[in-house]
Amino acid sequence: MTISELQREASHAHIHPPPQGFVSRYVISFDHKVIAVQYFITSGLFFVLAGLLAEMIRAQLMQPHNTLLSAQTFSEAYSVHGSAMVWLVIIPVLTGGFGNLAMPLMIGARDVAFPWLNMFSFWLFPPAGILVFLSFLYGAPQAGWTEYPPVSLHTPGTALWCAGIFLIGVSSTITGINFMVTIIKMRAPGMTWTRMPLFVWATLVTAFLSAIATANLSAALAALFIEKIFHVPFYDPANGGSPVLWQHVFWFYSHPAVYIMILPAFGIVSEVLPTFVRRPIFGYRAIAYSSVAIGLVSFMVWAHHMFTSGLAQWVQLPFMILTMAVGIPTGIKIFSWVATLWRGRIRLSTPLLFVIGFLSCFTFGGITGVMLASVPADIHEHATYFVIAHLHYVLFGGSIFGIFAGLYYWWPKMTGRLLDERLGKIHFWVMFLAFNATFLPMHWLGLLGMQRRVAFYDNQFEGTNLLPMVAHTNVFVSISAFVLGLSMLIFAYNALRSATRGQVAGPNPWGARTLEWMTSSPPPYYNFAEIPLVLHGPYDYGKPLPYANISQDLATEPVD
Amino acid sequence: MNETRSQPLLDTEFWSVTVLLTVISALLMWGVVIFPIDAWLPEASTVSKDIDFIYRFMAFFSVPILVYVNGYIVYFMWRYHVAKGEDRTATGSDIHDHPGLEAAWTIVPSILMLILGVLSYVVLPKYYLASAASVATIEGIGHTFFFEFRYPGLAQPVDNDLHLPVGKQVTIDLTSSEPDIRNAVIHSFWVPEFRVKQDMIPGMIVPIHITPARIGTFRIICTEFCGVGHSDMVGKVVVESQSDFDNWFKSEQHMQSNGATQAPISIAGGDAAAGGQKFAAKCTTCHGTGAFAERKVGPGLGNLFHDPDHPTLVTGKPANADDVADIIEHGFSGDLGTMPNMQVNQLTPKDVANLVAYLESLHK
Amino acid sequence: MATHAISIGDAEYQEVRSHRLLGFLFFLISDTIIFSSFIFSYLYDRSASAVWPPLGIERPGLYLAAVNSIVLFGSGVTMHLAMEAWRHANRSRFAGFMIATIVLGVGFLSGQAYEYTHLHDTWWGSVFGASFFTLTGLHGFHVFIGVIFLITVLLQTRRGVYDQSRYFGLTAATLYWHFVDVIWVALFFLFYVY
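Heads up: the sequence lines are chains L, A and V, in that order. For the first sequence, the residue numbers in the numbering used here are 113 to 672. For the second sequence, the residue numbers in the numbering used here are 10 to 373. For the third sequence, the residue numbers in the numbering used here are 178 to 371.
Treat the hints loosely; a few may be bogus.
Claimed, not checked - If you want a taste of the chain V side facing chain L, the calculated C-beta under 7 angstroms gives, among others:
| id | residue |
| --- | --- |
| 1 | 207 |
| 2 | 214 |
| 3 | 218 |
What the hints assert, rightly or not - Here are the simulated distance ranges between beta carbons:
| id | chain 1 | residue 1 | chain 2 | residue 2 | range |
| --- | --- | --- | --- | --- | --- |
| 4 | L | 574 | A | 302 | 37 to 43 angstroms |
| 5 | L | 574 | V | 318 | 56 to 62 angstroms |
| 6 | A | 98 | L | 537 | 18 to 24 angstroms |
| 7 | V | 291 | A | 303 | 45 to 51 angstroms |
| 8 | A | 124 | L | 228 | 36 to 42 angstroms |
By construction, these hints were calculated from the structure, which means they are not laboratory data. Quick reminder that beta carbons are idealized off the backbone N, C-alpha and C, glycines included.
Can you build the whole structure from these sequences, using the hints too?
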């Protein structure tokens with residue numbers, strides 16, 4: 113049986129017909145695959161807006177005392193840029209987008225446990241984003257994505273910001289609960305824990321963090337909202353509140369949130385690597401269990417964001433040690449991925465290139481992360497461009513590279529057509545080089561004394577001769593950032609082009625072995641004609657497919 | 010299966026690459042050892058050297074990790090990639106894991122982290138525990154948007170200008186107030202050359218201990234976003250010899266005790282156009298040119314002198330040129346907020362005169 | 178949700194029930210986190226304050242709260258008895274205890290309303306008031322939702338939505354009600370005793 117015959121057969125295999133009518137199919141849809149696309153499109157729009165804000169920030173910093181933006185507009189720009197990238201782009205794309213697209217397929221399920229909740233959870237997201245951007249009309253928040261009170265209580269838009277982030281938090285909690293139940297209860301027969309694809313492991317831990325940590329964020333935001341509107345004293349010291357309290361409750365969420373933003377990207381890397389290296393992933397158990405370890409330890413490290421907030425020394429010590437400890441399971445993952453490349457049969461496709469970019473950038477970001485864990489070092493680096501550089505190396509070099517690897521990888525599954533390889537490779541190289549040119553110099557800027565969240569900076573001060581260099585570096589960084597922004601146009605063109613001119617993919621264009629490739633592209637409404645039976649783990653390249661109820665032909669024909 | 014079992018798993022080529030990467034690592038590590046941190050960012054306090062040792066330690070061991078990870082990635086990609094025309098469905102090695110290797114890359118980083126933890130733990134108390142009694146305790150208070158320092162023995166505070174004698178430990182009690190806790194926000198006190206940073210939190214007093222080790226002038230930077238003027242919240246710390254410090258202290262005492270009898274700045278002949286330029290550069294962070302009630306940080310000054318509602322100045326008097334000049338010169342600190350003085354704003358007496366002329370010219 | 182439960186087979190019902198039960202437990206855990214976050218805030222403010230409650234603030238009276246607590250815990254007992262009656266297929270006893278639970282729940286809310294209107298402290302007056310009114314208010318809101326939940330499932334049993342083997346809605350309502358009880362134990366201890 114050939115692939116095309118199978119495709120025709122699969123499309124006839126609906127158990128129930130999909131809903132008819134535009135609204136029930138594409139708008140109020142219960143289908144996890146449609147919801148995934150809804151997340152991608154919505155987040156894509158917010159990505160463009162937040163990216164434009166980033167370019168505004170860099171345009172302002174081209175000159176030390178630029179008059180392009182006022183100090184207030186500049187602060188609004190970086191605050192909404194940060195909030196939008198974290199809550200409206202990375203978290204929804206990785207969990208809502210890729211989690212919805214791939215996870216139910218990968219465990220051989222027909223949908224998530226609660227499709228209705230899944231739909232509801234998505235529809236909380238666009239209003240949340242609109243509220244955050246609407247705050248511009250009323251004076252957007254200016255204190256950055258962390259919104260430390262009391263200063264955040266002085267901007268009128270903080271209330272809208274709180275409401276928006278609260279909604280996305282509730283959405284995140286619901287999705288987390290939904291995904292946990294789905295993964296725990298709905299795996300295909302025979303899929304034991306250690307036969308689960310690594311992306312599913314990552315999604316499970318992410319779902320746990322989303323459900324637990326985000327509930328805490330909701331409480332913190334509710335308190336800030338109440339304080340802003342009704343002047344109920346929680347955080348403002350003028351009324352007896354404590355500004356450091358906000359930092360505790362905010363980071364108790366936001367540190368786990370860092371892993372909500374990176375664990376699914378780890379999962380994507382663990383899927384893409386074995387597919388294109390065509391050998392089993394090295395250290396499956398180590399990678400799976402280290403995700404769990406990272407997830408658990410992430411709840412006990414929040415105060416490492418607060419080493420200059422006047423905490424007692426005995427409080428700082430355990431947070432420093434535990435933060436360093438997170439580096440160990442992360443290192444295990446990186447070394448295992450590098451070892452997977454060893455003695456493989458490597459096909460240099462675009463998804464793999466993005467994974468390599470991820471490995472290179474994320475390793476760097478991980479190392480600067482350890483540098484930020486050491487309290488004495490952190491005291492110097494805290495709230496400088498060193499932190500900006502570090503967080504972009506893990507969130508852009510890590511999460512966004514992971515997201516693009518996932519997009520290139522699952523695009524044919526989602527749309528049925530391949531993206532153009534040549535454009536993809538150009539996109540990768542421009543993005544990779546521009547990314548490093550943008551963020552690498554920021555490490556020096558920070559260490560030499562450039563603080564974050566400033567619209568203007570020194571280029572003349574009697575004491576130091578380094579400031580002209582700081583100014584020149586900023587020009588270089590800004591130009592690189594513009595190139596980085598433009599590189600996204602290559603992807604946009606490639607994506608639009610694939611709709612008409614993309615090569616038709618077939619069910620399994622990469623010759624992968626996980627279950628999402630064991631059905632047509634895009635999959636039918638009910639995913640699988642028959643629920644597959646799982647006999648072995650998913651990464652044994654060179655052996656027969658480990659599934660029953662699935663055609664053995666699917667494993668063999670990479671088209672690229 | 011493309012593996013030929015007769016070949017060793019790790020062949021000569023692999024070991025050659027490993028040796029090459031080791032040599033590159035060693036060279037870069039040598040570079041880390043000799044890197045002149047002091048020349049880039051002076052080690053101007055006694056704790057700086059300890060912290061820079063931690064940096065050197067971290068960079069030293071980060072280099073091999075970066076070199077091996079990136080080096081092996083590039084090498085494996087080059088060596089094992091499937092060339093055009095080769096069988097693209099072939100599969101690679103079926104080795105799933107290697108307990109010894111995995112144990113190694115768990116244990117070695119753990120040991121490094123442990124050493125780093127101990128090093129940090131040894132350096133950390135130097136921030137918090139005074140090794141010997143400090144020669145003085147200075148109060149450092151963050152305002153929107155300047156630093157105020159109160160010396161024992163000086164009746165008036167000094168704004169944005171911290172003088173310290175070299176080689177003597179001082180304690181600075183940091184807090185934030187506006188001038189009381191209402192409207193106070195978090196600031197942060199950072200002197201990069203001292204490698205010292207501490208948030209200034211309203212309602213909390215956090216002492217830090219500094220022993221300057223190098224004579225020079227350095228920046229004091231606010232690193233916690235505190236409002237529209239955050240970017241400009243930069244003061245200076247002057248580290249000088251004990252005799253220079255004593256001279257400064259005496260002259261400051263002298264100036265303060267004579268302050269009341271000092272001749273007021275002459276505001277005659279102010280140039281409104283020049284004042285307008287100064288206003289745009291120095292004042293618009295906090296003041297707009299709208300009506301008095303249109304507050305940014307401070308009130309709008311658009312029709313200060315010609316307001317039909319006749320607002321009173323913070324001095325309690327209706328608007329008049331002398332009092333306005335006095336406020337610009339000395340700044341203000343009271344229930345209504347704080348405003349930095351002309352030294353902080355880097356204004357000359359001529360600028361003050363021009364500014365008053367400019368404000369008078371508005372909305373005539 | 179339960180209306181089409183009749184139309185599916187027992188095995189499938191058991192599967193759906195296990196999903197809902199697990200999902201509901203995760204929901205209760207995340208709800209616990211919300212309460213814990215506010216409780217952490219309260220304890221943080223308390224530890225940062227030299228005197229507690231802050232000067233000039235009176236602690237709310239213990240006696241009214243104690244009576245109110247007995248009312249709420251009593252409703253936990255009647256809820257338990259109602260479920261026992263359901264399991265023994267005693268519908269009238271079940272309905273009686275459900276109504277008793279609802280009445281006790283409304284009684285608790287009335288007691289709380291009385292307490293709120295007779296306190297000198299306000300929500301925005303102090304850090305104590307902020308935590309006290311936010312936490313007890315959030316809990317009161319949960320009790321209110323619980324009462325609505327109980328009324329709904331009681332009416333559903335009248336319409337025959339549940340039968341002897343398929344009654345997840347009842348299970349969820351019971352779990353929720355006991356959860357609200359347990360949260361109150363913590364709040365009572367924090368605000369009136371500790």
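We went through each hint and held it up to the structure:
1. Proximity of residue 207(V) to chain L holds as hinted, the smallest CB-CB distance being about 4 angstroms (cut-off 7 angstroms).
2. Hint status for residue 214(V): holds, given a least beta-carbon distance of 4 angstroms to chain L, under 7 angstroms.
3. Here the hint on residue 218(V) is kept, as its CB sits about 6 angstroms from the closest CB of chain L, short of 7 angstroms.
4. A C-beta distance of roughly 40 angstroms is found between residue 574(L) and residue 302(A), which places it inside the suggested range of 37 to 43 angstroms.
5. Judged by the Cβ atoms, the range 56 to 62 angstroms given for residue 574(L) and residue 318(V) holds: they are separated by roughly 60 angstroms.
6. Hint check: residue 98(A) to residue 537(L), Cβ distance near 21 angstroms, so the stated range 18 to 24 angstroms holds.
7. Judged by the Cβ atoms, the range 45 to 51 angstroms given for residue 291(V) and residue 303(A) holds: they are separated by roughly 47 angstroms.
8. Look at residue 124(A) against residue 228(L): about 53 angstroms separates their beta carbons, and that is not inside 36 to 42 angstroms.
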